[in-house]
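Taken in sequence, the protein lines are chains G and V.
The first sequence stops at residue 304 when you use my numbering, and every number in between is there.
The second sequence stops at residue 505 when you use my numbering, and every number in between is there.
Be careful, since some hints might not be right.
What the hints assert, rightly or not - Simulated restraints, written as ranges between beta carbons of each label pair:
no., chain 1, residue 1, chain 2, residue 2, range
1, V, G275, G, I64, 40 to 50 Å
2, G, V283, V, D399, 31 to 41 Å
3, V, D406, G, A295, 33 to 43 Å
4, V, E483, G, G137, 26 to 36 Å
5, V, A425, G, R136, 28 to 38 Å
Unchecked claim - Interface residues of chain V toward chain G, partial, derived using beta-carbon atoms under 8 Å:
no., residue
6, M310
7, G337
8, I342
9, S346
10, N350
11, R354
12, L366
13, G367
14, L372
Quick caveat, the hints were computed from the structure, so don't treat them as lab data.
All residues carry an ideal CB built from backbone N, CA and C; glycine is no exception.
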Amino acid sequence: MTDATPPRYDRVSAVGFLGYAAGVALIVWCLNGAGFSLEKVTTSPPRFADFMSRAWPPNLEPSVLERLGWKMIETLQIAVAGAVIGVILSVPVALLAARGLVAGGWINQVTRTILGFLRAVPDIAWALVFVVAVGLGPFAGMLAIVVDTVGFCGRFFADDMEGTDKGPAESLAATGARKIDVVACATIPAAMPAFISTSLYALEKAVRSSTILGLVGAGGIGIELKVGFDLFDYPTAMTVILMIAVVVIGIEQISGWARNRIIGTER
Amino acid sequence: MRASHSSTTSLVTDLSLKSRPAPKTQVASTGALGVPVAPVDIEASCVSKTFAGTPIFSDVSFRLVRAEAVALVGANGTGKSTLLRCLMGLLPVSDGRVVLLGQDTGTTTHAALRGLRARIGLVSQKHNLVPRLSVLSNVVHGLLGQRPGLRHWSHRFAPEASRLDAMQALEKVGLADLALRRADRLSGGQSQRVAIARAIVGAPEILIADEPCASLDPAAGEDVMDLFFQLARENGVTVVFTSHHIDHALRYGDRVLGLAEGRLRLDATAASLKPADLRGLYD
C-alpha cells in the first residue's frame with residue numbers, strides 16, 4: 038500500500054508565472070484607469086447615508102404615484118412592443134445568419150456582422166439616434182428596443198437553429214421537401230424551446246432597458262428619474278427606483294414561471 | 223428459399239414473400255428475346271466518395287430493379303449510410319454516376335432532384351421525428367415533397383385529402399389512435415412505426431431504410447422489420463436497407479450487397495448465401 042499522495046498543485050513554469058503576473062498587472066492597470074480609490078470607497082458611506090436620509094421615505098403622494106404609474110405602464114408598453122416586434126423580425130434575420138440552412142456562406146457572414154454591429158452599439162445610443170430620427174417620445178424608445186432585440190435574438194436564434202439535431206431535417210429533405218419547408222417543419226420546431234427561452238430573456242432585457250431610455254427623451258419612466266435628481270427631489274427619485282426594481286423583479290419572476298410552464302425543464 | 227429459417231417470424235416473412243404481388247413493372251417492358259425486363263430504379267456506376275481527401279468507398283457499381291429488396295451490409299465505417307445518401311442525391315458523389323429513377327443525380331437540377339426524392343421514402347436508424355409536433359403532423363410532412371407549401375407544415379392547416387392520406391398511413395402501421403399524441407411521447411418502436419408511416423404516406427416507388435431497427439430492442443426491431451417489408455411488398459416497392467443483423471439481411475433481402483475496405487466485396491442473391499458468407503465482411 039502506498040504512503041505517498043500526489044502533489045496538490047502543478048509546479049508553475051516561468052512562462053506560466055509571467056502569464057499570471059501579466060494578468061494581475063492588467064487588472065491593476067484597469068482599476069487605475071477606472072479611477073478606483075480606496076479613500077473614496079471608505080468616505081462614501083456617510084454620503085450615501087446622507088442621500089438615503091434625504092430620499093427616505095419615498096414620495097407616496099397619490100398624485101405622484103398616479104403619474105409615475107402611468108409612466109411605468111408606458112415603459113412596459115415600450116418594452117413589450119419593442120421586444121415582440123424585435124423577436125418577430127429576428128426569425129427571418131436568424132434564418133439568413135444560420136449557417137447551412139437557407140442562405141449561402143457569405144450571406145451568413147454579412148448578416149452576422151450586421152447583428153454584431155447592432156449588439157455592439159448600446160441601446161441608449163440607439164435611443165439617441167432614434168430621438169433624432171423620429172423625435173422625442175416613446176416611439177424612439179420602442180425602435181431602440183426593436184434594434185437591440187434583433188441584434189440579440191437574431192444571433193442566438195441562429196445559433197439555436199444551427200445546434201438542432203440534423204436528423205429530422207435530413208429526413209424531410211429526403212422526401213423532396215424544399216429548404217424553407219424543412220426549416221419550418223423540422224429546424225424551427227426543434228429550436229422552439231430555445232427560442233422561447235431567449236425571447237423571454239429578451240423581454241426581461243427590454244424592460245430593464247426601457248426604464249432608462251427616458252434619460253435621453255425616448256419615453257418611459259427614466260425621464261422621471263432624471264427630473265427627480267435634477268430637481269433634488271430625492272423622495273420622488275427613490276419612488277421611481279423602487280418602482281423599477283419591483284417591476285423588473287416581477288417581470289423576471291413571471292418570465293421564469295412562463296419559461297418553466299411552456300418548455301418545462303428542457304432548454 | 224428460406225426453408226432453413228424455422229422461427230415464427232421467418233414463417234411470417236416467408237408467407238409474406240409468397241403472397242407478394244408480382245412486381246408491376248415486370249410487364250412494363252420486354253427485352254430483346256421477349257423476356258419481361260423490370261426497369262432499373264437505381265444504378266450506381268463506379269461510384270466513389272471521399273470526405274476531406276479520405277476515401278470512404280471506391281468504384282461501387284450495382285443495379286437495383288423494381289420491387290427488389292436489397293440488403294446493404296458491412297462493418298461500421300464502411301460507408302453504408304453514406305452510400306445510401308449518395309443514392310438519394312443527399313450527398314454528391316466524388317466520382318462515378320448515380321442514376322435514380324432514370325435520371326442522373328449528378329447532372330439534374332435541384333428542383334428535379336427534389337422531384338425524384340418525392341418518389342422515395344426514407345426510414346433512418348434514429349426515427350428522426352420532429353419531437354414537439356404531433357404524430358399526424360409528422361406524417362403529413364412526408365407529403366412535403368409532393369405537395370410543398372405551408373398548408374403541409376402542420377396537420378391543422380393541411381388539406382383534408384392529405385390528412386386522410388396521413389391517417390391511412392398511420393392505420394397501416396397500427397397507430398391511427400395516436401395521431402394527435404406528441405411524437406416525443408412515443409416509445410422507440412412506436413416512433414419507428416410513425417417514421418415508416420411518414421415514409422410510405424406519399425406512396426413511394428423506392429423505400430430506403432438505414433438500420434431501421436438499430437435503436438430498438440430485439441422484439442420491437444423484429445416487429446418493425448416485419449411491418450416495413452410487409453408494406454413494401456404489398457405495394458411492389460423497391461427496398462434498399464442497411465443492417466448489422468446478418469439474419470435480417472438474409473431473411474428480408476432478395477439480394478445482398480457487402481461493403482468492406484471501401485469496396486463492394488459481395489453482390490449475391492440472399493438464397494445463395496449462408497450467414498458465414500457475410501461474417502467475413504465484418505472481420
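These are the hints, each one checked on the structure:
1. V:G275 / G:I64: 40 to 50 Å: holds (46 Å)
2. G:V283 / V:D399: 31 to 41 Å: Distance hint for V283 of chain G, D399 of chain V is violated at roughly 50 Å.
3. V:D406 / G:A295: 33 to 43 Å: For A295 of chain G against D406 of chain V, whose Cβ atoms are near 21 Å apart, the range 33 to 43 Å is violated.
4. V:E483 / G:G137: 26 to 36 Å: holds (31 Å)
5. V:A425 / G:R136: 28 to 38 Å: Given range 28 to 38 Å: holds, Cβ gap about 35 Å.
6. M310: Hint holds; M310 of chain V Cβ to chain G Cβ min 6 Å, cut 8 Å.
7. G337: Holds - the Cβ of G337 of chain V comes within 8 Å of chain G, reaching about 6 Å at its closest.
8. I342: With a minimum Cβ separation of about 7 Å from chain G (threshold 8 Å), the hint on I342 of chain V holds.
9. S346: Cβ of S346 of chain V sits 6 Å from chain G, so the hint holds.
10. N350: holds (4 Å)
11. R354: holds (5 Å)
12. L366: holds (4 Å)
13. G367: At about 3 Å, which falls below the 8 Å cut-off, the nearest Cβ of chain G leaves the hint on G367 of chain V intact, so it holds.
14. L372: Holds. Min distance 7 Å.
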